[in-house]
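Colleague: Chains as they are written, first to last, in the working numbering: chain X, 158 to 295; chain B, 674 to 1023; chain Y, 20 to 234; chain D, 772 to 1320.
Keep in mind that the hints are not guaranteed to be accurate.
[Unchecked claim] Computed Cβ-Cβ distance ranges for the label pairs, DEER-style:
id, chain 1, residue 1, chain 2, residue 2, range
1, D, I1264, B, E737, 38 to 46 Å
2, B, L755, Y, V139, 36 to 44 Å
3, X, A180, D, V820, 54 to 62 Å
4, B, F759, X, L210, 35 to 43 Å
5, X, S179, B, L755, 21 to 29 Å
6, X, S235, D, V820, 35 to 43 Å
7, B, A969, D, F1090, 51 to 59 Å
[Said to hold, decoys possible] Below, in silico cross-link-like pairs of lysine-lysine (DSS-like), each with a Cα-Cα straight-line distance of 30 Å or less:
id, chain 1, residue 1, chain 2, residue 2
8, B, K947, Y, K137
9, B, K952, Y, K153
10, Y, K137, X, K207
11, B, K924, B, K947
12, B, K924, B, K952
13, Y, K153, Y, K137
14, B, K784, B, K947
15, Y, K115, B, K784
16, D, K1061, D, K971
17, Y, K153, X, K232
Hints listed in this document are in silico derivations from the structure and should not be mistaken for laboratory results.
Every residue gets a Cβ at the ideal spot worked out from N, C-alpha and C, and that includes glycine.
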Amino acid sequence: MAESALPSEKLHPDREEPHAHSAVPYVIVWIVLLFFTALTYVTGTMHLGKWALPIALAIACVKSALVVLIFMHLKESSGTTRLVFVTALIFLGLLMFFTVADVATRFKLATPAGAPFGTERSQPEGLLEHEMPAEPEQ
Amino acid sequence: MNELLRRLLFLPDQASTFARDVDQLHFFVILTTFVMSTAVGMTAVFFFIRYRRRSETQTTPHIEPPAWMEALFVTVPLSFFLLWFFMGFSEFVRQQTPPSDSMDVYVMAKKWMWKFAYPDGPNAINVLRVPAGRNVRLLMTSRDVIHSFYVPEFRIKKDVLPGRYTDQWFNALEPGRYQILCAEYCGAGHSIMRGEVIVMKPQDYEDWLASAKRGLASRQDGAPTSIDFAPPIGNLIEQGKRIAAEQGCFKCHSTDGTRHIGPTWLDLYHRREKLNDGKLIDADEAYLTRSMMDPALEVVDGFQPVMPSFEGRVSGPEVAALVEYIKSLQSDAVRTGPSEGPAYAPVRNR
Amino acid sequence: MSPEAGLPEGILAHHYSSLERQNEAMRLGMWLFLATEILLFAGLFTGYAVYRYQFPLAFAEGSRHLNITAGTLNTIVLITSSFTVALALHFARIDKPRAAAICIVLTLLFALGFLGIKAVEYIEHFQEHALPGKYYAFEEVNIAGAAMFYTMYFLMTGLHGLHVVAGMSVLSWLLWRTLQGRYSSLYSTGLEMGALYWHLVDLVWIFLYPLLYLI
Amino acid sequence: MRLSETDSARLAGSPPAPSYLEDGTTLMSWLNTRDHKRVGVMFLVAVIVSFFLGGIFALSLRMKLLQPGPFLMDALGYNRLFTLHGVVMIFLFLIPAIPSAFGNFVLPLMIGARDVAFPRLNLASFYLYLAGAAIAIYGMVHGGADTGWTFYTPYSSTTPTQVLPILLGVFILGFSSIVTGLNFIVTVHTLRAPGLNWMKMPLFVWGIYATSIIQVLATPVLGITVLIVSVERFAGFGMFDPARGGDPVLFQHMFWFYSHPAVYIMVLPAMGVISETVCAFARKNPFGYKAIAMSSIGIAFVGFFTWGHHLFVAGQSTFDAGAFGILSMLVGIFTAIKIFNWVGTMYRGAIAFKTPFAYICGFLYFLVFGGMTGVALATTSLDIHWHDTYFVVAHFHFIMVGASVMAFLAALHYWFPKMFGKTYHEGWGLVAASLIILGFNATFVPQFLLGNYGMPRRYYQYPEHFQALNVASTAGSTLLGFGFVIILIYLAIALRWGQRSEQNPWGSKGFEWMTASPPPTHNFDEIPTITQMPHDYRTHEPPGVIRVT
Ligand code: HEA
Ligand code: HEA
Ligand code: CUA
Ligand SMILES: [Cu+2]
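Next comes chain X alone, as it looks inside the complex:
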């Protein structure tokens, strides 16, 4: 039924991917990714305390940006696909933000130390109550 296609929209092969003729960018990205993996491994095993999480997440974000933009060709994709991806990330952040904010802003009272162990089925297997280590202060 392709006759009905408007003449202006004639069938023609893909003509995007200007760089598709070279595999070099993929190789570069691959090497950079491996480098960042090493970096995150090194910083991760250093146990930097407060900084560990931000650093690790920052590296992970850079890595995933590379994968998304180059491997997944988002760089050359249409605006709509980019919007889809960004929206998904926004909603991911939204869910995490308000949920963690809830836990983080509850009054102390609401989650007393050791509270998760306050109920009947609370003891870990093999331990009696008095043997149980107290929950450490956070």
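With chain X fixed as given, assemble chains B, Y and D with the ligands onto it according to the hints.
Modeller: Frame of chain X, contents of chains B, Y and D with the ligands only:
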């Protein structure tokens, strides 16, 4: 005016210090709702009458709203909504922030009963006694699933969660009796998980507390109250307690955590009990029953096998009552001493 | 029907005016699907964040008892597989189906390797009883929240593992199609979709790796 | 002015293409179809069946509530019934109702496409729906679940009833919903007819498009949530189990992250229907086209920011309560914009009072009332008293029955001639409509009062002072039930014996009327080129413009 609207809207009595303030906003919001929905409906009807179709080929002009009109559509409702939000939220914060001079009562919910424990005194099942005119803070937790502590006349409600504490507070205006309803679905008994708040004159309350401390409390609350719907399960526990006393269990077993001739019953249910042969066992209903029928079979590590068998001495229903009673003995249900246990942390920002 | 010369039969559906349109539709559909996958994992990431906030020590302890070497190795394996699948698409597009097929095979091998390493780790956990929830009986870490760390660990790696398996089946099918010579400079959308999916699997792991193993 | 004249003039000589209904009448030709119209019709049948199933559950609930004490059934039976009522009505009826049935049928017609973007996926969506429904019904037959449609943990992970199959069913139904949404988004992006730019798109398409965004982005979170609960049930992973350090409120966050946006899945398509029908029956261009279109997207977006208003008394922090409280107020604005613009559309129109228009009037009133009570519930301090009482039940029935079901009925009547080429009996239509609107008020207004009075929901037994209002509500629901039965009867008669309708019986300028009623399988002989706005009633020209190319 307040009274009229309250009755028209079927709102229950205003028996706490919040109730009136909450209702005031309620009236404002609901009246606006009525006005707006009627206005929209009426406009539609008016337009229908005014602009009836007159012929089958009628054409109509192309009309687009001016920008100011769209702006009006946004700003008018928005200002109402925001006004409500600020009025409501300040009241909400008040309700969520117990005053520091509150009297604490621990509430433990379980399928399907309410248990109240006063820091320095008695426990009660399904009946909460409070003095009128005092700020009362409830520190609540649940044994099993989520419940919700609801007293319509006080306009208070808060979910009661297992594994953590939630709190709420109120200040009852007048002596009287008010129903406690469970407002979070919790199973077959959800709709009969009811209790009663008895608001007493401060002096009566003091008297009651004193007599309760002298040990009469259990008798008082054990007797059937005027609430005919008191769930049978509460009575089962009371029965178990009585039977245990009659059979002399308390000679060897304590209910407050101290070790006696036999292991304490406090927190026994679902305890992982270590037997003298080194095996770990889950103290479930079956095990509890077995322990009464054939105590020598599974002997708890560190105890002598001196417990007599009660086979034939207690009937089936009595065993059930005993088990139910043992199950009810859970440490965070009956917390005595000053209210600074794990649940207590002064509310911030005050 | 007057398909472009060389274009296999039945590629262009009747309701599209052009192949370009159809490719665009496929791509958009695929990205939407990836968005749903991201939000599927969002629930677990949220759970992770909440419990990590509540039990920071247990999570730190738990993560220290994971096998970092295995985790790192797996990260490298998965990144490399992502690279080979990108190459596969590249070769298909420059009309080198043989090279493309080899790349897909490599990807599949890496995926198998990933699962193998993961299996080794899982066996370790089983031996240590470092299991989620009610099965938890790991002697070395015995503080509140430790079981929750392993619950999150198993849920997240488990769901990710399922995605690896799903990705492998997709890739196997694409390998078959590639060997049939379906993908060329004229048409490669099918392969592109499969590759996108595989990259997403990699993407999730890029976050799981530091969150579970490193902190 | 009917298109068929131009059509036949142009196609002189060649016989008219057979309608999609005549294009193969074997069972297989339906079950294996790729035609979006047939998929739409199959969905329509399925959701109507589900609606009656859910309705029977609802009536049984109401019958029990005649008496405060035990009556007719035991507590467990009652609890199962309201769970099944909620699950069936929401997941089997309302979520797929308008998008999957009518969206599937008319959306491609409206944008001048020959089909949806992925026809095979579309059929798969229907089978996913059937599979999900089958598993859920298996669970219902084998004991049912008693958790409420919200599946709150730890109750749902510990109750001995058949929660697992129901959860699994919901999971699969979620997939069906995602697939449909995904399909529509891609369709709207890639298959619009030449000339049909975004700002000419019919408002129903905007509504479905916005709905699809929510379906795609919210449903996966429900998926993972029910998956975790399932794992919890059969393997005890304990992610939501307080006994293992889990937080049941986390479950509620995740559940409502889906289920609040999901209520807009249920109402946005309804709003789209109203936008179409109000224009068609008032014979007017939409007042504030852009405002209506954009507010759909606004609702889809801001609707994601308000889920915490279900948790005001659930032990959520005060900070979150405040944040969600104020964000909930913002959603209301988009709905208000729409309402005022619909009323504005009637201004200087040429209004015909047909059956669908009766439902439009009902819809407007109920949506404003139901929506404003939603805003009242979002007012934090008021929600403390109302939470989990019949006030909430009344609120959501006002929107879901009062608004969405009315819109569903409006759509059913408006597009009935389009879908089947038959006309129904207008008189009976109006009778049923009045019965339904009357019965609806009688059912749910007392429930508002019950909520004020303090009657919690999901109550098998209730204190006696609630009885009078409950009896009133039950009486109303019987009326309501009769209304639906009447509709069923006269539509069935119309299908079988109804008169052939004209191509465009309403004289509507919605683009779906560009083609024959019922349309041929390939929808259009020529893909039309759109040059005008939808519902432009300044002239007598047929909707859209066909340019022979
Ligand atoms: C289709 C379904 C649907 C829709 C559209 C809505 C719409 C809204 N809902 Fe509702 N809701 C439900 C279905 C729905 N809801 C369900 C099923 C539940 C219960 C779930 C359960 O627990 O089982 C629920 C519960 C629920 C609660 C929780 C109650 C509780 O459990 O304590 C709240 C609280 O904020 C709420 C709020 C809102 C708001 C603010 C809107 C807004 O979107 C409403 C917006 C509309 C308007 C505001 C009307 C138009 C406005 C005007 C015309 C303005 C004119 C006004 C002036 C000029 C002043 N809803
Ligand atoms: C789309 C959603 C939808 C729809 C359409 C309805 C429709 C109806 N609902 Fe329901 N309802 C929910 C969604 C919906 N509901 C949800 C989500 C809940 C919460 C569940 C939970 O707590 O988990 C709920 C809960 C709920 C309750 C509260 C139960 C409780 O908390 O204890 C009640 C009680 O009255 C009720 C009643 C009704 C009635 C009378 C109708 C009527 O509108 C139904 C009308 C339909 C018919 C009547 C069927 C048609 C006719 C026949 C079958 C023929 C036979 C009849 C006659 C001849 C008279 N519903
Ligand atoms: Cu306890 Cu409902
Ligand atoms: Cu909501």
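Colleague: So, for every hint listed, does it hold in this structure?
Modeller: Hints, verified against the model:
1. With their beta carbons about 42 Å apart, I1264 (chain D) and E737 (chain B) fall inside the hinted range of 38 to 46 Å.
2. Checking the proposed 36 to 44 Å range against L755 (chain B) and V139 (chain Y) shows it is violated: the Cβ atoms sit about 58 Å from each other.
3. For A180 (chain X) paired with V820 (chain D), a C-beta distance near 55 Å keeps the hint of 54 to 62 Å intact.
4. Checked against the hint of 35 to 43 Å, the pair F759 (chain B) and L210 (chain X) passes, with Cβ atoms roughly 36 Å apart.
5. The given range of 21 to 29 Å is broken by S179 (chain X) and L755 (chain B), whose C-beta atoms sit roughly 57 Å from each other.
6. Hint check: S235 (chain X) to V820 (chain D), Cβ distance near 41 Å, so the stated range 35 to 43 Å holds.
7. Take A969 (chain B) and F1090 (chain D): their Cβ atoms lie about 58 Å apart, and the range 51 to 59 Å holds.
8. As the CA atoms of K947 (chain B) and K137 (chain Y) are separated by approximately 36 Å, the hinted pair breaks the 30 Å bound.
9. Using a Cα cut-off of 30 Å, the hinted pair K952 (chain B) and K153 (chain Y) holds, with the two alpha carbons roughly 18 Å apart.
10. Taken as a hint, the K137 (chain Y) and K207 (chain X) pair is honoured in the structure, with Cα atoms around 29 Å apart against an allowance of 30 Å.
11. Taken as a hint, the K924 (chain B) and K947 (chain B) pair is honoured in the structure, with Cα atoms around 22 Å apart against an allowance of 30 Å.
12. Of the pairs offered as hints, the one joining K924 (chain B) and K952 (chain B) holds, with about 27 Å between alpha carbons and a cut-off of 30 Å not exceeded.
13. Distance hint between K153 (chain Y) and K137 (chain Y) is fulfilled; the C-alpha atoms sit about 22 Å from each other, no more than 30 Å.
14. Distance check on the hinted pair: K784 (chain B) and K947 (chain B) sit about 28 Å apart at the alpha-carbon level, within 30 Å; holds.
15. For the hint pairing K115 (chain Y) with K784 (chain B), the CA-to-CA distance comes to about 68 Å; that exceeds 30 Å, so the pair is violated.
16. A threshold of 30 Å between alpha carbons decides the hint, and for K1061 (chain D) with K971 (chain D) the separation of about 10 Å falls inside it, so the pair holds.
17. Between K153 (chain Y) and K232 (chain X) the alpha-carbon distance is near 46 Å, which puts this suggested pair outside the 30 Å criterion.
Of the numbered hints listed earlier, those contradicted by the structure are 2, 5, 8, 15, 17.
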